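Start from the sequences, fold in the hints, and give me the full structure.
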Amino acid sequence: MKAIFWGTRGSISTPGKQTVRYGGNTPCVEVRLANNKLIILDAGTGIRNLGEKLMETGESVKAFVLISHPHWDHIQGFPFFKPAFISGNEFTIIGGSTERVSLQKMISDQMNKIYFPVQLNELKATLNFRPVGEEEFSVFEANVKSTYLNHPTFAMGYRITHAGKSIVYISDNEPFDRNVAQKIRNVEKFIVDKYSRSKKEPNQLVFDFVQNADLLIHDATYTPEEYVDRVGWGHSHYLFALKVAAEGRVKKLVLFHHDPAHNDEKIDEILKKCKKEIKNRKYKFDCVAAFENLELEV
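Under our numbering, the first residue of the sequence shown is numbered -17, with each subsequent residue one higher.
Honestly, the hints are just simulated from the structure, not real lab data.
Everything numeric in this text was worked out from a predicted model, so none of it was measured.
The hints are all genuine.
Cross-link-like lysine-lysine pairs, in silico, PhoX-like; alpha carbons within 20 Å at most: (1) LYS234 x LYS257; (2) LYS95 x LYS64; (3) LYS225 x LYS182; (4) LYS248 x LYS258; (5) LYS147 x LYS234; (6) LYS225 x LYS261; (7) LYS(-1) x LYS248; (8) LYS64 x LYS35.
Ranges of calculated distance between the beta carbons of each label pair, as one might list FRET restraints: (9) GLU259 x ILE96: 43 to 49 Å; (10) GLU34 x SER178: 40 to 46 Å; (11) VAL100 x THR135: 24 to 30 Å; (12) GLU259 x ILE(-6): 24 to 30 Å; (13) GLU104 x ARG263: 51 to 57 Å; (14) ILE(-6) x THR135: 16 to 22 Å; (15) ASP91 x GLY40: 30 to 36 Å; (16) LYS261 x ARG167: 37 to 43 Å; (17) ASN194 x GLY(-2): 37 to 43 Å; (18) PHE67 x GLU279: 29 to 35 Å; (19) LYS257 x TRP54: 31 to 37 Å; (20) PHE67 x ALA16: 26 to 32 Å; (21) PRO113 x GLY214: 25 to 31 Å.
Glycine included, each C-beta is placed from N, C-alpha and C at the ideal position.
Here it is, written out as structure tokens:
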């Protein structure tokens, strides 16, 4: 499989000369199976450039779009995804939902005529919606597992396995702490209950989910110092991302969902500190910071 990064930034897009190397677009990762079938992880602003590339081929597009959750930075690029405007293309959108809001409504609400000139039902491509919980299902010839993460209101993590290789995508995830979870209450109750019931360290559920992955793409939004003032916001600091990779015995970790306040130099600094930690702790995995147009093969 191959992973190509089109958007690596979290929360809000950050164009400008200070973010040129790592990029300012919000989350979108292209995954190509060994047979070149297309899976798209999230539909942040990075999906626009992916769409431009797909249009250049002149070929019809059939793909699955796995949405981690419906916060703006993960869906706001979809209305600008040109292949969705073309008859003959087909996209199956997969993601979580709640009793209050369906998956389709989560995507369509941002295209309400009050906010956007084109409504979802006016797109010419065939759009299918498949809500999922924690389950295992097939996408093309790949096996996909989904899990709930610790993020307001919810977020999904995905594990894609094909031809003996695995890519795990955990874009938005905060270290779970039982005491914090009871005080903040901004995550769906059934998710809090799930982690709280764990007889072990509750984050072991995530460690087990990523176990032996060839590639782990994980939230590393904050530094440990920044995280102190952002507990409950739903994101990880880089030391926790390293811990997940170490406990999960993954082969390569990709630091993802860069904070909008972090310029290229800051991300360089974070990556350098991560590599130092890996060396000092004798971890066995490789580590890179995601940047736009990064291509990784597993």
